[in-house]
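Chains B and V, in that order, are what the protein sequence lines are. Our numbering puts the last residue of the first sequence at 106; the count rises by one with no breaks. Our numbering puts the last residue of the second sequence at 841; the count rises by one with no breaks.
If you're looking for bench data, these hints aren't it; they were derived computationally from the structure. A couple of the hints might just be wrong.
As the list claims (entries may be wrong) - EDC-like, lysine to aspartate or glutamate: derived pairs with alpha carbons at most 20 Å apart:
(1) V/K810 <-> B/D99
(2) V/K547 <-> V/E629
(3) V/K737 <-> V/E747
(4) V/K737 <-> V/D550
(5) V/K810 <-> B/E100
(6) V/K206 <-> V/D290
What the hints assert, rightly or not - Cβ-Cβ distance ranges computed for the label pairs, FRET-style:
(7) B/V71 <-> V/C800: 43 to 49 Å
(8) V/K810 <-> B/F70: 36 to 42 Å
(9) V/Q812 <-> B/I53: 36 to 42 Å
(10) B/Y90 <-> V/G827: 27 to 33 Å
(11) V/G827 <-> B/I53: 20 to 26 Å
Quick caveat: nothing in here was measured; it's all calculated off a predicted structure. Note that CB positions come from ideal geometry on N, CA and C, so glycine has one too.
Listed below are the residues making up each chain.
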Amino acid sequence: MTIPPVPPECYLVLSGILFTIGVIGALTRRNAIVVFMCIEMMLNAVNLTFITLSRFLQSLDGVLFAFFVIAVAAAEAAVGLAIFVMIYRSRETINVDEINILKW
Amino acid sequence: MQNAERGLKFRNPQSKIRNDEKESFMFDYVWLIPVFPAIGFMINGLFGRSLGKKVVSWVGPSVIGLSFLTSILIFLELIGKPPTGRHFEKVIFDWVVSGSFQTVIGYQIDPLSILMALVVTGVSFFIHIYSVGYMHDDQGYARYFTYLNLFVFMMLNLILANNFLLMFVGWEGVGLCSYLLIGFWYEKDSASNAGKKAFVVNRVGDFGFILGMFLLFTSLGEHGVWTLNFTEVFANAHLLEPGTITAITILLFVGACGKSAQIPIYVWLPDAMEGPTPVSSLIHAATMVTAGVYMVARCNVLYSMAPISMAIVAIVGVATAIFTASIGFCQNDIKKVLAYSTISQLGYMFLGVGVGAYSAGIFHLMTHAFFKGLLFLGAGSVMHALSGELDMRKMGDLRKKIPYTFWTFFIATLAIAGIPGLSGFFSKDEILWQAFSSSHGHFLLWAVAAVAAGMTAFYMFRALFMTFFGQSRVDEHVAHHIHESPKIMTVPLMVLAVFSVIGGYIGVPHILGGANHIHEFLAPVLGGGAEPAKTHAGIALISQAWASGGEGGGHGASLELLMMVVSVVIALIGIGIAYLFYVKNPALPKLAAERWKGLYTLVFNKYYVDEIYDILFINSLKNLGTALWKGFDDFVIDGTINGIAYCIGLLSGAMRKIQTGVVQNYAFSMVIGGIVIAAYYIVRAIFY
Numbered sequence: 003m004t005i006p007p008v009p010p011e012c013y014l015v016l017s018g019i020l021f022t023i024g025v026i027g028a029l030t031r032r033n034a035i036v037v038f039m040c041i042e043m044m045l046n047a048v049n050l051t052f053i054t055l056s057r058f059l060q061s062l063d064g065v066l067f068a069f070f071v072i073a074v075a076a077a078e079a080a081v082g083l084a085i086f087v088m089i090y091r092s093r094e095t096i097n098v099d100e101i102n103i104l105k106w
Numbered sequence: 154m155q156n157a158e159r160g161l162k163f164r165n166p167q168s169k170i171r172n173d174e175k176e177s178f179m180f181d182y183v184w185l186i187p188v189f190p191a192i193g194f195m196i197n198g199l200f201g202r203s204l205g206k207k208v209v210s211w212v213g214p215s216v217i218g219l220s221f222l223t224s225i226l227i228f229l230e231l232i233g234k235p236p237t238g239r240h241f242e243k244v245i246f247d248w249v250v251s252g253s254f255q256t257v258i259g260y261q262i263d264p265l266s267i268l269m270a271l272v273v274t275g276v277s278f279f280i281h282i283y284s285v286g287y288m289h290d291d292q293g294y295a296r297y298f299t300y301l302n303l304f305v306f307m308m309l310n311l312i313l314a315n316n317f318l319l320m321f322v323g324w325e326g327v328g329l330c331s332y333l334l335i336g337f338w339y340e341k342d343s344a345s346n347a348g349k350k351a352f353v354v355n356r357v358g359d360f361g362f363i364l365g366m367f368l369l370f371t372s373l374g375e376h377g378v379w380t381l382n383f384t385e386v387f388a389n390a391h392l393l394e395p396g397t398i399t400a401i402t403i404l405l406f407v408g409a410c411g412k413s414a415q416i417p418i419y420v421w422l423p424d425a426m427e428g429p430t431p432v433s434s435l436i437h438a439a440t441m442v443t444a445g446v447y448m449v450a451r452c453n454v455l456y457s458m459a460p461i462s463m464a465i466v467a468i469v470g471v472a473t474a475i476f477t478a479s480i481g482f483c484q485n486d487i488k489k490v491l492a493y494s495t496i497s498q499l500g501y502m503f504l505g506v507g508v509g510a511y512s513a514g515i516f517h518l519m520t521h522a523f524f525k526g527l528l529f530l531g532a533g534s535v536m537h538a539l540s541g542e543l544d545m546r547k548m549g550d551l552r553k554k555i556p557y558t559f560w561t562f563f564i565a566t567l568a569i570a571g572i573p574g575l576s577g578f579f580s581k582d583e584i585l586w587q588a589f590s591s592s593h594g595h596f597l598l599w600a601v602a603a604v605a606a607g608m609t610a611f612y613m614f615r616a617l618f619m620t621f622f623g624q625s626r627v628d629e630h631v632a633h634h635i636h637e638s639p640k641i642m643t644v645p646l647m648v649l650a651v652f653s654v655i656g657g658y659i660g661v662p663h664i665l666g667g668a669n670h671i672h673e674f675l676a677p678v679l680g681g682g683a684e685p686a687k688t689h690a691g692i693a694l695i696s697q698a699w700a701s702g703g704e705g706g707g708h709g710a711s712l713e714l715l716m717m718v719v720s721v722v723i724a725l726i727g728i729g730i731a732y733l734f735y736v737k738n739p740a741l742p743k744l745a746a747e748r749w750k751g752l753y754t755l756v757f758n759k760y761y762v763d764e765i766y767d768i769l770f771i772n773s774l775k776n777l778g779t780a781l782w783k784g785f786d787d788f789v790i791d792g793t794i795n796g797i798a799y800c801i802g803l804l805s806g807a808m809r810k811i812q813t814g815v816v817q818n819y820a821f822s823m824v825i826g827g828i829v830i831a832a833y834y835i836v837r838a839i840f841y
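Work out the full structure: start from the sequences and follow the hints.
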């Protein structure tokens, strides 16, 4: 008995669910680390879409983009975490509600 | 058709030169005349301060000398030609080319322009030399020669230009230099104000000139001749309506009034005496102020077609002559006397050109350049001797102490007073005779001008006597170092004195056995001059009286002699009164002033012309300006701008509250935006 291949729609739906969770988390959570993790989740949802469609369309372009996104996400994570460390040192918190001095 | 051909014939002046190339070697180098002063201007202007006084005093005068030399060479070549062939144009390069309209930087040589060039470069040369001595201790020595060289460059452009536009460039250029040099000692309030006044008043005249030029250009253009070239304009002038020509010539004359200081806009010239004295001599007596006369003479073709304009020119001229001569009576500042005298003499020149005696006007322009230039330089030499004193009430008895200055000043005074044998006599008498006898002349013009001549003699000898004769009234601390000026200043005085004497002999009238060379020389440009005397009421009356006196004979000639004698007698009366008042009985002037106190105060205050202008024009314009400033600028314009800025401020004050500083809010708006866009596409996909 062979397991039939998972159809592409499933992957796309999974990707949409992951992305939505990421968005909601990024908008609602107060802890900067969690917000960050949510962003990573959104990026990975996009990656999943890329890979799926790459496979579906028999083209390597999507894979290529996925690699770019991974590279950028890694760089971003390094910079972002460094910023959090600096903010924590000066303000003793990484609650994003309290980091709001960049305004009128 | 014929006109079109005529236009074509003149279209390319260069071809004309090419024909004569073999024999006209110097004409191709006409551009050298203005270029030398331009070189001097650049050397003195760019490097003058670092080169030092010695170099500047060599460069300044010598470039003018070179240009004088070139003028002489070209003049010599020109008189070698037959009188009809004395016209050359040299195009340097195309300047404004727009459709069928072409204006070039081009110079023209004809008897009129070369004569002017000779006078300008010659007189400038000697005044430059004089300036080396006069300005020796001045801080702005290099600046002075820079301006002076620039002035000569511009003046030569004005004179040698072969089209109206280039002439206008020179016209404005000399105005600029005049402004710069009047305000040369700009630390002095009075000097910088006088400079501004000269510039602003001149602007009124220049406005007229430029309007006249536009009108000429467009009205000729309606006949298919788009040009500003002198030769072409004059060749096609007959196409124009008489009314148009009258308008053009009157507008051009407004320009001449500004530059040549005629009623009603003469007021800048007396104030222009704030400049250094050699500047007054060069710019405000000998050359620049005569530009208006030159321009009218240059446009003689147009003026001859507009009798009304000629009458206006003559009347304004003679009115200026007598009006300003009377102001000269009561001035105590020696330079002011000379300034009013200059305006008055310019009035004579306009009288000359206004009655159609163009060559007489130019002749007087030339002799006036000599003797009035000399008078100013003499006044400068007196100031030099008296440590800068200008007030004639603090002079007197200087003739033994500064003999060279005295004798040269004396010669110039004789010349301007019209004593027979000196240059002023011949030129002034020519104008007087023409004012009476030419077809445009009138007995009244002659009478007023003759009275003005007597007044000239009076105020000039008044100045002479007050300065050099009588008791010394010099301040004590000045008195013991009175000294004659150095050679570098007295030699130009002597040269100009020689010219003031002999300058008239190129225009001795036929009646005195002369050949009137200048008239013949200028005839190709200025026409044969005034037509033979027309018998009108005045001339008939006098010649009758003359005939009944038993002398009989051809009254044309004897009448001219009679007029000459009358004008000499009038001049002698003027001198006699001056002698009586200021040498014989120095108490008389005071008595006379008290006797006619009202009149004296009126004349002493120059008829309150400045004050009237203050009220009429300056204050009313100032009030208008203030009203516009407070009412329109401050309220309407500033109100609009500030109102808009205030509204935007309010709006952005409200809007900036959106900027909360919480990053998640921003992200939320982004998500909303994304959803809205996505929703739009989804809805569209569903319904269409």
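Status of the given 36 to 42 Å range, CB of B/I53 versus CB of V/Q812: 38 Å, holds
State, for the Cβ atoms of B/V71 and V/C800, whether the hinted interval 43 to 49 Å holds or is violated. 46 Å, holds
C-beta pair B/Y90, V/G827: status relative to the range 27 to 33 Å that was hinted: For B/Y90 and V/G827 the Cβ distance comes to about 31 Å; the hint holds.
Could you say whether the range 36 to 42 Å given as a hint is met by the Cβ separation of V/K810 and B/F70? The hinted range 36 to 42 Å holds for V/K810 and B/F70, with Cβ atoms some 38 Å apart.
Satisfaction of hint between V/E629 and V/K547, Cα-Cα up to 20 Å: Roughly 10 Å separates the two Cα atoms, so the pair holds.
20 Å limit on alpha-carbon distance, applied to hinted pair V/K810 and B/D99: Between V/K810 and B/D99 the Cα gap is close to 16 Å, so the pair holds against 20 Å.
Next pair to validate is V/K206 with V/D290; report whether the Cα-Cα distance is within 20 Å. OK: V/K206 and V/D290 at ~10 Å, within 20 Å.
Hint consistency between V/K737 and V/E747 [alpha-carbon to alpha-carbon, up to 20 Å]: 19 Å, holds
Given the proposed pairing of V/K737 with V/D550, does the C-alpha separation stay at or below 20 Å? Roughly 14 Å separates the two Cα atoms, so the pair holds.
Starting from the hint 20 to 26 Å, judge whether the C-beta atoms of V/G827 and B/I53 obey it. 22 Å, holds
For a C-alpha distance cap of 20 Å, please report whether V/K810 and B/E100 respect it. 17 Å, holds
Of the hints listed earlier, there is not a single one the structure fails to meet.
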